Amino acid sequence: MAMLEVEDLNVRFYTDDGVVRATNDLSYRIEAGERFGVVGESGAGKSVTSLALMRLIDEPGVIESGEIRFKGENILEMDDEEMRSLRGNEIAMIFQDAGTALNPSYTVGEQISEAIRYHLDLDEAAARERAIETLESVGIPSAAERYGDYPHEFSGGMQQRVVIAIALSCDPDLIIADEPTTALDVTIEAQILELLEEVATEYDTAIQLITHDLGVVAEFCDRVMVMYAGHPVEMAPVEDVYYDPQHPYTVGLMSSIPRIGDDRERLQTIPGRMPDLIEMPPGCNFHPRCPYAEESCTRVEPRLVDVETGEPADPINSDAQTAACLAHTGELDGELDYEVTVRGEDGPAESGPASGSPGVTDR
Amino acid sequence: MSGSEPLLRVEGLEKYYESESDFIDRLLGRQKKVKAVDDVSFEIHEGETLGLVGESGCGKSTIGRSILQLRKPTAGSVYFKGQDITTLSDSDLRDLRKEMQIIFQNPQSSLNPRLTVNDIIGEALDIHGIEGDVSRDARIKDLLERVGLNASHANRYPHEFSGGQLQRIGIARALAVDPEFIVCDEPVSALDVSVQAQILNLLEDLQDELGIAYLFIAHDLSVVEHIADQIAVMYLGKIAEIGTPEELFAPPQHPYTEALLSAIPEPDPLWDGDRILLEGSVPSPIDPPSGCKFHTRCPRVIPPSDYEFEQEEWRAVMSLRHRAREEDIAVETFDDGAPMEALREELDLPSTLSDPEAERVVQEALRSVADEEFGDAESLLSETFDTPCSTDKPVLRETDAGRVACHLFDPAYEAGPNDGTTTGDGPAAGSAASGDD
Amino acid sequence: MSSETSQRTTERGRIRVSGFDVDRVESREPLSSWEPDLQSEAGRGRLEYAWMRFKRNRLALFGATTIAFMVLLAVFSRPIQLPSSFPVLAGQTVQPFSLAPADPAAQDVITGYREPTLENLLAWPSAGLYLFGADWAGRDILSRVMYGGRWSLSIGFIAVAMALLVGVPLGSVAGYYGGKVDELIMRLVDLLYAFPFIVLAIAVIAVLGRGYWEMILALVVVGWLPYARIIRGEILSVKENEYVTAAKALGSRDRSIITRHILPNAMAPVIVQATLSIGTTVLVAAALGFIGLGLSPASAEWGVMLNVEQDAIARGRWWAGLFPGLAIFVFVMAINLVGDGVRDAFDPQGDQTDTDTGGLR
Chain L
9 MAMLEVEDLN
19 VRFYTDDGVV
29 RATNDLSYRI
39 EAGERFGVVG
49 ESGAGKSVTS
59 LALMRLIDEP
69 GVIESGEIRF
79 KGENILEMDD
89 EEMRSLRGNE
99 IAMIFQDAGT
109 ALNPSYTVGE
119 QISEAIRYHL
129 DLDEAAARER
139 AIETLESVGI
149 PSAAERYGDY
159 PHEFSGGMQQ
169 RVVIAIALSC
179 DPDLIIADEP
189 TTALDVTIEA
199 QILELLEEVA
209 TEYDTAIQLI
219 THDLGVVAEF
229 CDRVMVMYAG
239 HPVEMAPVED
249 VYYDPQHPYT
259 VGLMSSIPRI
269 GDDRERLQTI
279 PGRMPDLIEM
289 PPGCNFHPRC
299 PYAEESCTRV
309 EPRLVDVETG
319 EPADPINSDA
329 QTAACLAHTG
339 ELDGELDYEV
349 TVRGEDGPAE
359 SGPASGSPGV
369 TDR
Chain F
35 MSGSEPLLRV
45 EGLEKYYESE
55 SDFIDRLLGR
65 QKKVKAVDDV
75 SFEIHEGETL
85 GLVGESGCGK
95 STIGRSILQL
105 RKPTAGSVYF
115 KGQDITTLSD
125 SDLRDLRKEM
135 QIIFQNPQSS
145 LNPRLTVNDI
155 IGEALDIHGI
165 EGDVSRDARI
175 KDLLERVGLN
185 ASHANRYPHE
195 FSGGQLQRIG
205 IARALAVDPE
215 FIVCDEPVSA
225 LDVSVQAQIL
235 NLLEDLQDEL
245 GIAYLFIAHD
255 LSVVEHIADQ
265 IAVMYLGKIA
275 EIGTPEELFA
285 PPQHPYTEAL
295 LSAIPEPDPL
305 WDGDRILLEG
315 SVPSPIDPPS
325 GCKFHTRCPR
335 VIPPSDYEFE
345 QEEWRAVMSL
355 RHRAREEDIA
365 VETFDDGAPM
375 EALREELDLP
385 STLSDPEAER
395 VVQEALRSVA
405 DEEFGDAESL
415 LSETFDTPCS
425 TDKPVLRETD
435 AGRVACHLFD
445 PAYEAGPNDG
455 TTTGDGPAAG
465 SAASGDD
Chain R
170 MSSETSQRTT
180 ERGRIRVSGF
190 DVDRVESREP
200 LSSWEPDLQS
210 EAGRGRLEYA
220 WMRFKRNRLA
230 LFGATTIAFM
240 VLLAVFSRPI
250 QLPSSFPVLA
260 GQTVQPFSLA
270 PADPAAQDVI
280 TGYREPTLEN
290 LLAWPSAGLY
300 LFGADWAGRD
310 ILSRVMYGGR
320 WSLSIGFIAV
330 AMALLVGVPL
340 GSVAGYYGGK
350 VDELIMRLVD
360 LLYAFPFIVL
370 AIAVIAVLGR
380 GYWEMILALV
390 VVGWLPYARI
400 IRGEILSVKE
410 NEYVTAAKAL
420 GSRDRSIITR
430 HILPNAMAPV
440 IVQATLSIGT
450 TVLVAAALGF
460 IGLGLSPASA
470 EWGVMLNVEQ
480 DAIARGRWWA
490 GLFPGLAIFV
500 FVMAINLVGD
510 GVRDAFDPQG
520 DQTDTDTGGL
530 R
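These protein sequences, in sequence, are chains L, F and R. Okay, so the first sequence: first residue is 9 according to this note's numbering, each after it adds one. Okay, so the second sequence: first residue is 35 according to this note's numbering, each after it adds one. Okay, so the third sequence: first residue is 170 according to this note's numbering, each after it adds one.
No lab work stands behind these hints, which were simulated from the structure alone. Among the hints, erroneous ones may be present.
What the hints assert, rightly or not - Which residues of chain F face chain L? A partial, calculated answer using Cβ under 10 Å:
no.	residue
1	Glu89
2	Gln199
3	Gln232
4	Ser296
5	Asp302
Stated by the list, open to error - Once the Cα atoms are required to be at most 30 Å apart in a straight line, the calculated DSS-like pairs of lysine-lysine come out as:
no.	chain 1	residue 1	chain 2	residue 2
6	F	Lys106	F	Lys427
7	F	Lys67	R	Lys349
8	F	Lys132	R	Lys417
9	F	Lys132	F	Lys427
10	F	Lys69	R	Lys224
11	F	Lys427	F	Lys175
12	R	Lys417	F	Lys175
13	R	Lys408	R	Lys349
14	R	Lys417	F	Lys106
15	F	Lys115	F	Lys69
16	F	Lys132	R	Lys408
17	F	Lys132	F	Lys115
18	F	Lys175	F	Lys132
19	F	Lys69	R	Lys349
20	R	Lys349	R	Lys417
21	F	Lys132	F	Lys106
22	F	Lys69	R	Lys417
23	F	Lys106	R	Lys224
24	F	Lys67	R	Lys417
25	F	Lys115	F	Lys66
26	F	Lys115	R	Lys417
27	R	Lys349	F	Lys66
28	F	Lys67	R	Lys224
29	F	Lys175	R	Lys408
30	F	Lys66	F	Lys427
31	R	Lys417	F	Lys66
32	F	Lys106	F	Lys66
33	R	Lys417	F	Lys427
34	F	Lys106	F	Lys69
35	F	Lys66	R	Lys224
Note that the structure is predicted; figures quoted are calculated from it, not measured. Glycine residues also receive a C-beta, built at the ideal position from the N, C-alpha and C atoms.
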């Protein structure tokens with residue numbers, strides 16, 4: 009049993025304009041100590057996923073169906089008291105904007121020790137001590153002195169460190185990091201990613217990292233889920249996603265990013281834009297933007313399948329590369345004829361079917 | 035790159051702001067100057083793109099706006115087609131606005147929410163009385179199609195469009211007056227990956243078709259590398275390095291360029307490059323460091339020639355000096371029994387330095403710190419260990435690959451024992467990956 | 170798997186995807202009838218959305234109906250004749266209806282007070298007369314309350330409109346240009362703010378004397394301050410928007426930037442404040458009337474009616490003070506409901522469509 013198992017999660021928002029289908033039959037798992045990446049563009053339903061884990065979906069949103077099992081217990085059936093002790097204590101969250109995640113009218117020390125006192129039942133002095141230790145562990149110099157400083161006295165990068173310290177303060181088993189470095193400069197981003205990596209190893213904490221930055225994912229994650237319009241379209245170990253993507257959307261994303269050292273004149277990108285989650289295209293949601301789409305894509309909604317076998321995926325028990333594209337179930341007449349090449353690798357062994365799309369080109 | 039007069043030439047551009055102050059401060063003249071842009075020069079040729087990269091607060095957006103005279107520069111000149119436009123009258127400037135335009139980072143706030151797309155683009159046409167042979171509506175329709183939008187959406191309001199579509203409208207507005215030069219102020223930073231690529235492609239297509247020159251401001255080096263013919267890297271209001279992308283990414287590099295480049299997360303899970311982690315964050319531009327503005331974070335500061343320093347030792351001493359200056363050492367929290375040991379540990383100083391003479395000075399400085407006499411420690415350190423990096427301002431000089439503003443590449447300072455160029459990339463990675471020594 | 174054969178590297182940009190052919194999408198016929206639509210329905214401006222939200226707010230609608238009803242009663246209580254100074258149509262009756270049961274000025278001093286009685290109220294067909302009783306001079310209070318709305322309401326609306334005309338331009342200039350102009354205008358505002366609202370109004374009336382326009386002037390002198398302040402603050406934030414910079418970059422003139430780009434986006438809080446302060450203005454006008462600085466004691470302005478009957482309740486003649494007081498209360502309540510509604514309509518914080526798209530990012 010994995011530490012976190014999400015099964016067939018459906019989140020809906022009932023708005024005046026219609027029903028927003030924020031996540032659709034979303035299933036995944038995170039093992040203890042694992043780093044799991046959720047990638048997608050804005051409006052793909054990434055953040056809703058993390059809010060659902062914390063049960064922080066507000067009106068008019070509803071978790072319509074599905075199960076979220078944390079260490080075997082269904083979070084969605086817990087009462088408020090149990091949920092409160094879970095939040096912060098076993099599952100913690102790091103937000104994109106550290107500036108607004110911290111309360112400006114309390115010192116950072118108070119904010120950390122508050123969480124510690126609440127969850128670990130320590131007295132004030134012990135909580136203070138632990139708070140200072142945590143601040144030190146996230147690399148804040150002169151932690152004891154800065155304990156009494158207010159958030160505005162910290163720079164953006166330092167604020168994000170404080171937010172990480174708060175998340176770490178109770179030694180959680182899972183940290184949900186929602187775009188933790190998006191608001192930061194690259195040099196600061198590098199510091200924060202390094203820090204997250206360090207603490208994750210040191211405390212053996214699992215991290216669900218939500219981001220739109222494919223560079224950050226490549227660097228940080230073990231396994232990745234790519235989301236499009238509220239659907240998981242591909243899930244695989246990180247190397248497979250980058251070297252051997254199996255869903256046209258993932259391929260499009262990979263070819264859209266400008267890479268340093270890449271001398272392409274033009275970026276091959278995905279045309280159009282993501283549909284809003286109220287009125288989605290029929291069949292495969294991606295078909296209006298997909299160069300490989302056929303008539304059958306407008307009729308059949310593809311399921312997440314194992315790309316090797318074409319069998320329905322079992323994301324909770326298996327690590328296999330899965331993708332939701334008709335090409336993998338033999339329902340597509342054409343081929344996904346893109347090619348991924350890696351410069352500097354031995355030519356023939358790497359090019360062609362080996363690095364392209366084996367499950368497809370073979371048929 | 036022709037030898038002729040460039041389309042745009044910026045010379046010694048400076049823009050100072052008064053720091054925030056109230057009525058009384060203004061009355062008493064108690065104001066501090068913030069040097070947002072400090073003596074910047076560059077040129078852009080017709081149909082060319084100059085990329086301007088740097089972290090937030092380095093003054094790159096201010097440069098864009100100062101060139102367009104949206105903010106009057108404090109000093110310096112901006113020559114557009116050979117004419118200094120900083121001295122133009124308001125009405126001459128208004129005519130010039132046909133030739134220079136701007137597109138913005140945030141597509142939501144760059145379009146007036148109360149006007150329709152038709153009004154927004156039409157405004158540009160109306161101001162300059164541009165109509166030509168075709169009617170206003172036809173021209174707007176043409177512009178919308180050129181940027182890849184459905185012309186039937188002209189009567190919609192901005193809030194009905196997605197971010198990428200809004201950015202296209204912003205581009206159409208800039209194109210309406212047929213400019214020759216556009217300042218692109220982080221035009222893709224707020225957009226998703228696939229939309230970002232669409233907009234980059236659109237900008238490139240427009241450049242090919244219409245021969246527009248861009249000043250492309252961004253914080254993302256990989257985007258700039260893709261689109262720019264020349265790249266300027268900025269740090270605290272100054273250009274640290276300027277050159278073509280190839281030159282910029284080849285040594286010799288400014289240590290800041292090197293760090294900035296190494297910090298970009300590579301979308302390749304097997305990429306395993308060395309990462310140079312810079313200490314701390316960008317200093318405040320109100321009270322910038324002396325000499326080279328980067329020296330407080332630089333991993334390759336030139337050590338003083340009178341003393342023998344290992345690279346890490348020297349780095350640690352610099353950090354001690356920096357923190358003494360900022361009074362950022364919490365002395366009272368250290369163990370009373372052995373404050374010196376605790377201090378050395380906090381500062382990553384080895385228990386004894388290799389040069390006994392230097393060790394003596396550092397010990398004295400540490401004692402001052404322990405007594406919280408930060409000023410004494412700072413002045414002692416800076417007087418004894420003087421490095422050109424903290425005293426002399428570097429200037430942009432020609433190197434084998436681009437122009438770099440760093441004393442490391444200045445023959446005048448080559449006396450130092452730890453010249454970065456001779457030891458290859460060792461010192462560069464020194465402070466970050468010190469494990470292999 | 171291919172990845173196992175790949176080695177770790179320090180080289181950037183190794184991976185290249187080719188063959189993701191965008192042209193195929195652009196050149197083919199759409200596969201399905203689904204089309205990427207815009208984010209909301211066609212061509213609705215923000216004002217329209219605000220109006221839609223306002224219409225959904227029942228309390229605010231109730232308030233608006235009440236105000237409309239009171240305005241109609243005031244207008245149709247007695248016929249309106251154009252003043253004789255009016256060109257061409259001098260002396261013509263433009264509004265012939267007369268809903269008030271009696272002439273509000275018709276006295277019956279000999280009988281004096283009349284209590285409103287239940288029999289009178291329930292009588293059918295209703296006589297109309299003396300439903301609210303009569304005051305010391307035997308004047309029908311119902312008629313006076315209806316007719317008095319002309320004074321009270323018009324003072325409220327006109328004073329606020331004029332205060333807007335003063336406050337908005339001054340505040341705009343201060344906010345847009347900043348510097349010395351700003352300093353000058355805002356210090357003047359601070360100065361006037363240092364006096365209590367009512368004291369300043371009293372001072373103005375003491376200088377100018379009593380009268381309808383004098384009263385309005387007094388109310389404007391103190392009334393423009395909040396608008397100037399609010400609009401200045403709003404403009405300071407709106408002018409930071411990039412569309413303002415864009416307009417400057419296009420070479421728009423200052424006047425057009427202010428009126429086209431800044432003011433329309435800064436007016437919402439001012440409109441809310443103005444709506445709410447119609448109520449306060451009516452209250453202040455009534456208060457001035459009550460302390461004897463309002464209109465002439467013979468007029469039917471609600472505050473004046475209260476003033477004349479100051480001691481009525483103590484003497485057991487509750488109706489003489491109750492009904493004009495009630496009229497003021499109902500009007501101010503209604504205006505506040507409308508004001509709250511307008512504020513909610515302009516501020517889409519509670520709007521569902523906006524919150525959830527935010528959450529989906």
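Against the structure, the hints:
1. Glu89: holds, 4 Å
2. Gln199: Because about 7 Å separates Gln199 of chain F from the closest Cβ in chain L, which is inside the 10 Å limit, the hint holds.
3. Gln232: holds, 5 Å
4. Ser296: At 8 Å from the nearest chain L Cβ, Ser296 of chain F passes the 10 Å test, so the hint holds.
5. Asp302: OK, holds: Asp302 of chain F within 10 Å of chain L, min 6 Å.
6. F:Lys106 with F:Lys427: Holds: Lys106 of chain F and Lys427 of chain F sit about 25 Å apart, inside 30 Å.
7. F:Lys67 with R:Lys349: holds, 20 Å
8. F:Lys132 with R:Lys417: Judged against 30 Å, a Cα distance of about 12 Å means the pair holds.
9. F:Lys132 with F:Lys427: This hinted pair is violated, its Cα atoms lying about 38 Å apart.
10. F:Lys69 with R:Lys224: violated, 52 Å
11. F:Lys427 with F:Lys175: violated, 53 Å
12. R:Lys417 with F:Lys175: holds, 24 Å
13. R:Lys408 with R:Lys349: At roughly 18 Å apart (the allowed maximum being 30 Å), Lys349 of chain R and Lys408 of chain R satisfy the hint.
14. R:Lys417 with F:Lys106: Roughly 13 Å separates the two Cα atoms, so the pair holds.
15. F:Lys115 with F:Lys69: Holds, at roughly 27 Å.
16. F:Lys132 with R:Lys408: Satisfied, since the Cα-Cα distance of roughly 22 Å is no more than 30 Å.
17. F:Lys132 with F:Lys115: holds, 14 Å
18. F:Lys175 with F:Lys132: holds, 19 Å
19. F:Lys69 with R:Lys349: Satisfied, since the Cα-Cα distance of roughly 24 Å is no more than 30 Å.
20. R:Lys349 with R:Lys417: Within the cut-off at roughly 22 Å; holds.
21. F:Lys132 with F:Lys106: holds, 18 Å
22. F:Lys69 with R:Lys417: holds, 24 Å
23. F:Lys106 with R:Lys224: violated, 48 Å
24. F:Lys67 with R:Lys417: holds, 26 Å
25. F:Lys115 with F:Lys66: violated, 35 Å
26. F:Lys115 with R:Lys417: It holds: about 21 Å lies between the C-alpha atoms, which stays within 30 Å.
27. R:Lys349 with F:Lys66: Answer holds: Lys349 of chain R to Lys66 of chain F is near 20 Å, not above 30 Å.
28. F:Lys67 with R:Lys224: violated, 52 Å
29. F:Lys175 with R:Lys408: holds, 29 Å
30. F:Lys66 with F:Lys427: holds, 21 Å
31. R:Lys417 with F:Lys66: OK: Lys417 of chain R and Lys66 of chain F at ~28 Å, within 30 Å.
32. F:Lys106 with F:Lys66: Distance of about 18 Å is within 30 Å: holds.
33. R:Lys417 with F:Lys427: Violated, at about 36 Å.
34. F:Lys106 with F:Lys69: holds, 14 Å
35. F:Lys66 with R:Lys224: violated, 52 Å
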